[in-house]
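K.L.:
In our numbering, the protein residues as written are 2 to 868.
One should not assume that every hint holds.
[As the list claims (entries may be wrong)] No more than 25 Å apart at the CA atoms, straight line, and that leaves these computed lysine to any residue pairs for SDA-like:
1. K624 - G650
2. K352 - G262
3. K252 - G262
4. K703 - L725
5. K340 - A630
6. K441 - E338
7. K465 - S544
8. K255 - E330
9. K465 - Y451
10. K323 - P337
11. K516 - G467
12. K525 - G506
13. K629 - E338
14. K722 - I698
15. K520 - S21
[Stated by the list, open to error] If you anchor each label on the Cβ, the simulated ranges turn out as follows:
16. T3 - R404: 17 to 23 Å
17. E117 - L51: 49 to 55 Å
18. E294 - S707: 50 to 56 Å
19. C530 - R56: 18 to 24 Å
20. C371 - G195: 46 to 52 Å
21. K703 - Q445: 46 to 52 Å
22. G180 - E105: 29 to 35 Å
In case anyone wonders, no lab produced these hints; they're calculated from the structure.
Every residue, glycine too, gets a C-beta built ideally from N, C-alpha and C.
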Amino acid sequence: MTSADVRAAFLEFFRERGHSIQPSSSLVPANDPTLLFTNAGMVQFKEVFLGREQRDFNRAATSQRCVRAGGKHNDLENVGYTARHHTFFEMLGNFSFGDYFKKEAIRFAWDFLTKELEIPAEKLWVTVFEEDSEAEKIWLDDIGIARTRFSRIGAKDNFWSMGDTGPCGPCSEIFYDHGVHLPGGPPGTPEEDGDRYIEIWNLVFMQYDRAVDGALTPLPKPSVDTGMGLERIAAVLQGVHSNYEIDLFQKLLKAAAGIAGTTDLMQSSLRVIADHIRSSAFLVADGVMPSNEGRGYVLRRIIRRAIRHGYRLGIHETFFYKLVAPLVEEMGAAFPELKAAQAQVERVLKKEEERFAETLEQGMKILEACVARMQGSVIPGDTVFQLYDTYGFPVDLTADFARENNLTVDHAGFEMAMSAQRDRARLASSFGADYEQDIKLDGQTEFTGYDYLDDQVHIIGLYKKGQPVDSLQDGEEGIVVLDKTPFYAESGGQAGDCGKIEADGAVFEVTDTQKQGGKLFLHKGKLICGTLTAGQLGDARVSAADRKATELNHTATHLLHSALRQILGDHVTQKGSLVNSERLRFDFSHFEPVTAYEISTIERLVNEQIRLNNPVSAQLMAKDEAVKAGAMALFDEKYGDEVRVLKIGDFSTELCGGTHVQRSGDIGCFKIISETGVAAGIRRIEAVTGAACIDWIASRDKALASIAVLVKSSPEKAAEKVELLIEKNRLLEKQLERLNAKLASSAGGELSAQAVEVNGVKVLAARLNDVDPRSMRDMVDQLKNKLGSSAIVLAVVEGDKVSLIAGVSKDQTGRIKAGDLVNFVATKVGGKGGGRPDMAQAGGNDPAGLAGALAQVPAWVQEQTAR
2 MTSADVRAAF LEFFRERGHS IQPSSSLVPA NDPTLLFTNA GMVQFKEVFL
52 GREQRDFNRA ATSQRCVRAG GKHNDLENVG YTARHHTFFE MLGNFSFGDY
102 FKKEAIRFAW DFLTKELEIP AEKLWVTVFE EDSEAEKIWL DDIGIARTRF
152 SRIGAKDNFW SMGDTGPCGP CSEIFYDHGV HLPGGPPGTP EEDGDRYIEI
202 WNLVFMQYDR AVDGALTPLP KPSVDTGMGL ERIAAVLQGV HSNYEIDLFQ
252 KLLKAAAGIA GTTDLMQSSL RVIADHIRSS AFLVADGVMP SNEGRGYVLR
302 RIIRRAIRHG YRLGIHETFF YKLVAPLVEE MGAAFPELKA AQAQVERVLK
352 KEEERFAETL EQGMKILEAC VARMQGSVIP GDTVFQLYDT YGFPVDLTAD
402 FARENNLTVD HAGFEMAMSA QRDRARLASS FGADYEQDIK LDGQTEFTGY
452 DYLDDQVHII GLYKKGQPVD SLQDGEEGIV VLDKTPFYAE SGGQAGDCGK
502 IEADGAVFEV TDTQKQGGKL FLHKGKLICG TLTAGQLGDA RVSAADRKAT
552 ELNHTATHLL HSALRQILGD HVTQKGSLVN SERLRFDFSH FEPVTAYEIS
602 TIERLVNEQI RLNNPVSAQL MAKDEAVKAG AMALFDEKYG DEVRVLKIGD
652 FSTELCGGTH VQRSGDIGCF KIISETGVAA GIRRIEAVTG AACIDWIASR
702 DKALASIAVL VKSSPEKAAE KVELLIEKNR LLEKQLERLN AKLASSAGGE
752 LSAQAVEVNG VKVLAARLND VDPRSMRDMV DQLKNKLGSS AIVLAVVEGD
802 KVSLIAGVSK DQTGRIKAGD LVNFVATKVG GKGGGRPDMA QAGGNDPAGL
852 AGALAQVPAW VQEQTAR
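Could you put the whole structure together from the sequences, leaning on the hints where they help?
P.N.:
Structure follows, in structure tokens:
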């Protein structure tokens, strides 16, 4: 069976058994800051397992694309050196949300393997958690697995949990015996780490809720989460031991080998490249761009590691992006989103490879030179740090090189040099699970804010410092939960509403509104008078001015998105958004700065749509129907089966749950105030609308009028007048440079007479007056030509700052280094510096020590030349 056959057979098997077949979710987990990447099939269902979200099905099956290359699950260092480690893989999974449990899950797995795939039962081994007698009984009595192929395993390997607290439960794993010709013993034995017995399927029985103190409470609706690696089961069915020998990899390996000019497909570097093109391409297709932080940094590491292995194979031209086409040919049918993004993926990978080419060449030369000089087999930590910090050469590439050459890396030394950066990175990290911040409350909040800004409400919960309370007193901060609310909770980039909740004379000022689990709206703020009590009836009023201004910006964001795609191209997709009452911020995929002409064209297009005053309408539709109708889904936003489709005339159609104006003309006007880059391949536009737009234009008009007065011109001709002044200033600066050069030449002739001879070297150390520090380099060159064998130090004092430059004739750099010379003087005036052996510069902040320092230069030179 091909891998595609296995994938199709798995999904069809579970479809026939009442499972809803769900598409693979993005590699970027939607609305989940606890994960770097989607690393298992259950990720898209996590909210369901936690009870925060409900679907219209209670059993599902998926073929989920996964990446494990950062954080807790990081297989990057092993890829290419083992038979089964990958950064990217597919996880086949079936899930039960309070429907069937152990008996059915075990039967499904066994029947699929032994009946559907016809794997001999005697080739399969089974493990259960050592305390799970229920699963043991099912395997031994119902399935009839032989005791000789059955093991009990401890909690370390066979007990799963979502975090330190929350849903957890025992596991049952199924292993395949690849044969006696391979080393290794059965699972649960001391020899289990060999390659003979390979885990192919893990059945997780979500049975308990673990409390902070470790106590396990049975879940009211036990669930099932399973995962089987497609690559591993394909290897079994295709009669090979290594995943890299299956059909999914063969085309990629051959394509990479063709570029490298080799026929040996077993080389580890080819395996690295074949694996890394999969993760890189799918990550870019899912909206991740190479950068220096977070997900983008992991992607950059993967790409650069692949490029380095290409270099190892003798590939010195850009090549990595050429593997996207064979990958699409192999996997595009199963994942059409990859095929749709092919051109974009190729552009991103090619640009990143071109950016890294010079760094790679330079880094490899430094690394190879270091190894040639080394005594021993450990690459020093300071060398690893220099490569990383100065040349941008990733540490894992240095470690790869060491591994290939039977060397090791001084990681302790590197970590010491990197400690400050690592501390900052750790503080900045936003990844880490936290399940203790939930508001524990049954029920949900009905949102009425599409139709009302003021509504009668019932207070169903009060919280202070995350804990439930019966009341809030005057001056206390807290959270109010209502049965219904006109307040919009932050989502889709739109900021949460502010306003007031009043009840029996008490006034709670709402400063922000957030949503929890798609059900509860949390009104955060402060009680400014009275006492608020749980169960009270009250009145909730949204700040109408803030909501209106926010709506102008939100609708304008949709117009901007559509305009960007029309002017820049269909590759533009939203990568982030912030809409509040003051302005809008829109991040989007694009590979170069947007030109002034393009910005002007985009502005005109948006303002044209505003003047057309088209109706803005919202309609609830089935998600699939909406997407087929052309509605765009926004980046990192999670949608249910029924979605809200926002349409602005015939210009824009997007999925959006936010609040908007009634007609595009309500926006008034639109102005882009900035366009910047925020990451590689990601641009950001900020803009204003309505009254804020008018105020911004007025402030610019005022500034222009002020400039016109200063340059004695009309506002219309101010730019022309400023241009003339700039050109005149440029000419005056050139005249000044020529005069300074003449003065320097004249001063150089006088200075040469002050030189003294020390061991055959003309030594000159002098302070200059009324000389531009920028002209000192030319003076040193002239003096070296005039004096011949020489060592020169010149100094200029401006206020409390000392500028120093040292020059040494090339015939003397073997004995005297300009950097050492300039530092000798700089340390005596409170500074330091450096440069080439023949020219170096420094600075200091203690002019009082200069005369004495210059006087000691001849003696210093005599000491250097006497050695």
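K.L.:
Run every hint past the structure and note whether it holds.
P.N.:
Okay, the hints, checked on the actual structure:
1. Between the alpha carbons of K624 and G650 the distance comes to roughly 20 Å, so the proposed pair stays at or under 25 Å and holds.
2. The hinted pair formed by K352 and G262 meets the criterion: a straight-line CA distance of about 23 Å does not exceed 25 Å.
3. Of the pairs offered as hints, the one joining K252 and G262 holds, with about 15 Å between alpha carbons and a cut-off of 25 Å not exceeded.
4. Restraint check for K703 and L725: the C-alpha separation of about 22 Å stays at or below 25 Å, so the hint holds.
5. For the given pair, K340 sits about 20 Å from A630 by alpha-carbon distance, which is consistent with the 25 Å threshold.
6. Distance hint between K441 and E338 is unfulfilled; the C-alpha atoms sit about 38 Å from each other, more than 25 Å.
7. With a CA separation close to 23 Å, the supplied pair K465 and S544 stays within the 25 Å bound.
8. A hinted pair counts as satisfied when its Cα atoms are at most 25 Å apart, and K255 with E330 qualifies at roughly 13 Å.
9. This hinted pair does not check out: K465 and Y451 have alpha carbons roughly 29 Å apart, beyond 25 Å.
10. Proposed proximity of K323 and P337 is supported: the alpha carbons are some 19 Å apart, at most 25 Å.
11. Between K516 and G467 the CA atoms are separated by roughly 15 Å; this keeps the pair inside 25 Å, and the hint holds.
12. With a C-alpha separation of about 19 Å, the suggested pairing of K525 with G506 holds against the 25 Å cut-off.
13. With a C-alpha separation of about 14 Å, the suggested pair K629 and E338 falls inside the 25 Å cut-off, and the hint holds.
14. A threshold of 25 Å between alpha carbons decides the hint, and for K722 with I698 the separation of about 22 Å falls inside it, so the pair holds.
15. Straight-line distance between C-alpha atoms of K520 and S21 comes to about 23 Å, which keeps the hinted pair within the 25 Å bound.
16. Between T3 and R404 the beta carbon distance is about 33 Å. The supplied range of 17 to 23 Å is therefore violated.
17. Distance hint check: the CB atoms of E117 and L51 are about 32 Å apart, inconsistent with the given range 49 to 55 Å.
18. For the hinted restraint 50 to 56 Å between E294 and S707, the CB-CB distance of approximately 40 Å leaves it violated.
19. For C530 paired with R56, a C-beta distance near 44 Å fails the hint of 18 to 24 Å.
20. Remark: the range hint 46 to 52 Å for C371 to G195 is contradicted by a beta-carbon distance near 37 Å.
21. The hint said 46 to 52 Å for the Cβ distance between K703 and Q445, and at roughly 50 Å that hint holds.
22. Between G180 and E105 the beta carbons are some 31 Å apart, a value that agrees with the proposed interval 29 to 35 Å.
The structure shown violates the earlier hints numbered 6, 9, 16, 17, 18, 19 and 20.
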